[in-house]
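Dock chain B against the given chain A, drawing on the hints supplied.
Listed below, chain by chain, are the residues.
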Amino acid sequence: EAQVTQNPRYLITVTGKKLTVTCSQNMNHEYMSWYRQDPGLGLRQIYYSMNVEVTDKGDVPEGYKVSRKEKRNFPLILESPSPNQTSLYFCASSLGQGRQPQHFGDGTRLSIL
Amino acid sequence: GENVEQHPSTLSVQEGDSAVIKCTYSDSASNYFPWYKQELGKRPQLIIDIRSNVGEKKDQRIAVTLNKTAKHFSLHITETQPEDSAVYFCAASSNLPGANSKLTFGKGITLSVRP
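For the record, the sequence lines run as chains A and B.
Per this note's numbering, the very first residue in the first sequence carries number 1; after that it's consecutive.
Per this note's numbering, the very first residue in the second sequence carries number 1; after that it's consecutive.
Isolated chain A, as found in the complex (with noise of 0.2 Å):
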């Protein structure tokens, strides 16, 4: 079955203490990109990758680092998260950028204390 997978769906932390969630798909996509949602304000690109050790900043990349050292997975890591990093998360992959349909994951709730 065609999937983005993301670990954890939920996590609880603290202040300064580092995280990664895991994004990984099967299609064999070209892109992935990592986003967070919050209330009023949409979905809004944090990082994006558009194939292997090809990464580059989205909308609102401050506090966050990704890596992509093989075609299928794309970490997002919060080096010291705070507060304001509390959000829901999601990755995503597509054959390319722009003007293919993007299959997203199921989301990563993020509480941050």
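Quick caveat, the hints were computed from the structure, so don't treat them as lab data.
Since this is a predicted model, take the numbers as computed values, not measurements.
Be aware that a few hints might be false.
As the list claims (entries may be wrong) - No farther apart than 25 Å at their CA atoms in a straight line, the calculated lysine to any residue pairs in the SDA-like style are these:
| no. | chain 1 | residue 1 | chain 2 | residue 2 |
| --- | --- | --- | --- | --- |
| 1 | B | Lys42 | A | Gly16 |
| 2 | B | Lys107 | A | Arg9 |
| 3 | B | Lys102 | A | Leu78 |
| 4 | A | Lys57 | B | Glu5 |
| 5 | B | Lys107 | B | Val20 |
| 6 | B | Lys102 | B | Asn67 |
| 7 | B | Lys22 | B | Gly41 |
| 8 | B | Lys42 | A | Ile112 |
| 9 | B | Lys102 | A | Ser24 |
Chain B in isolation, oriented as in the chain A frame:
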């Protein structure tokens, strides 16, 4: 960069009536316009998309229209049902040479269908 706006932010309709959700975009280079539906607690899912070489596209009870001159596109849902209640996101992007083909989302509209 591209700016996508959705109006209104909430919409309530009676079951069986039609619903129209409008989006405007700012970048005339945008040529791909998808619509995503997000049910409560679920992930966004593509329901329909349109490319700039056509003015309208239909899929059963759902249709999307595009007005490139005015830079707006709309989602039309006919014979609404309670299961149409969700948040709907529009988006826009361009794949023209030299354009930043990032997909930009609107803030979303909450559609409520009253039984």
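Here is what the structure says about each hint:
For the suggested pair B/Lys42 and A/Gly16, the alpha carbons sit about 29 Å apart, so the restraint of at most 25 Å is broken. Our distance criterion of 25 Å between C-alpha atoms is met by B/Lys107 and A/Arg9, whose separation comes to about 23 Å. For the given pair, B/Lys102 sits about 23 Å from A/Leu78 by alpha-carbon distance, which is consistent with the 25 Å threshold. At most 25 Å may separate the alpha-carbon atoms for a hinted pair to count; A/Lys57 and B/Glu5 meet this at roughly 22 Å.
The suggested pairing of B/Lys107 with B/Val20 holds, with an alpha-carbon distance near 16 Å, which does not exceed 25 Å. With a C-alpha separation of about 21 Å, the suggested pairing of B/Lys102 with B/Asn67 holds against the 25 Å cut-off. Distance hint between B/Lys22 and B/Gly41 is fulfilled; the C-alpha atoms sit about 24 Å from each other, no more than 25 Å. Our distance criterion of 25 Å between C-alpha atoms is met by B/Lys42 and A/Ile112, whose separation comes to about 21 Å.
Only pairs whose Cα atoms come within 25 Å are accepted, and B/Lys102 paired with A/Ser24 is accepted, the gap being roughly 21 Å.
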